[in-house]
Amino acid sequence: MQLTTNKNPVSGETEFGWINLYVSDGTSNPPQTLLDLVQKTIEGDLEDPENFPAYAAAGTQVCVFKIPVIGISVRFELDIFKNSQLSQENALIIATNALTSYINTLAVGFDVLLKQIEATILKSHPDFYRVRVLEFFGKLSNDPVPSPLPTLADISVPSTHLPRTGGTSGGLISGSATKVDPA
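Here my numbering runs 197 ahead of the position in the sequence shown, where the first position is 1.
The set of hints was computed from the structure by calculation and includes no laboratory data. Since the model is a prediction, treat every value here as computed from it, not as a measurement. Fair warning: there could be bad hints in the mix.
Now the in silico label distances, taken between C-beta atoms and shown as ranges [to be verified]: (1) E212 - P355: 17 to 27 Å; (2) S356 - N280: 43 to 53 Å; (3) T230 - S284: 43 to 53 Å; (4) Q282 - I239: 47 to 57 Å; (5) N287 - N339: 31 to 41 Å; (6) S284 - D233: 41 to 51 Å; (7) E286 - T257: 53 to 63 Å; (8) D308 - G364: 15 to 25 Å.
We put the CB at the ideal spot given by N, CA and C, even for glycine.
From just these sequences and the hints, can you work out the full model?
Below, the structure is given as structure tokens:
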């Protein structure tokens with residue numbers, strides 16, 4: 198959950214009395230019933246004060262939203278040592294799983310760094326020699342793929358957004374692997 202205060206969620210302007218909560222259930226799409234329950238818990242329920250006593254101060258506006266998800270997409274080329282016992286297919290599986298795990302455990306508002314993406318792939322197996330990131334961008338799941346694709350740079354994630362890849366996030370990881378002799 199992420200919290201902002203004194204900011205009108207419609208206008209984005211500073212305005213006292215607002216409490217904005219951004220909720221996630223671990224997916225990129227929590228059900229409306231969860232959002233309603235969170236709002237009811239904070240605002241209270243006069244018909245059920247024992248279970249919902251209210252925590253918000255009088256005169257505050259409480260808004261509960263889904264945490265917006267930024268889908269992170271990465272396309273890369275991976276070089277593995279020629280004498281490696283890994284198949285190119287297994288190398289891609291290892292690299293993709295490592296990258297997916299890294300991105301999908303980042304916290305709300307955590308920027309996604311290009312050098313960390315490269316390092317995550319390279320550290321995932323000792324037979325990985327070099328990686329070249331060809332595409333790297335983030336977008337809201339409902340937005341189209343940017344055209345032209347942005348230049349390679351760190352992805353700045355707003356403080357109320359969650360970086361993720363795969364599933365309904367709109368992010369995708371893909372790559373190719375080649376065996377090379379670095380000598």
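Hint by hint, here is what the structure shows:
The beta-carbon spacing between E212 and P355, approximately 19 Å, falls within the hinted interval of 17 to 27 Å. Between S356 and N280 the beta carbons are some 46 Å apart, a value that agrees with the proposed interval 43 to 53 Å. Here the CB-CB span from T230 to S284 is close to 46 Å, well matched to the stated 43 to 53 Å. For Q282 and I239, the hinted distance range of 47 to 57 Å is satisfied, since their beta carbons lie about 56 Å from each other.
Distance hint check: the CB atoms of N287 and N339 are about 34 Å apart, consistent with the given range 31 to 41 Å. Between S284 and D233 the Cβ separation comes to about 49 Å, which falls inside the hinted range of 41 to 51 Å. Checked against the hint of 53 to 63 Å, the pair E286 and T257 passes, with Cβ atoms roughly 55 Å apart. Checked against the given bound of 15 to 25 Å, the beta carbons of D308 and G364, roughly 21 Å apart, stay inside it.
Hint check: no violations occur; every hint is consistent with the structure.
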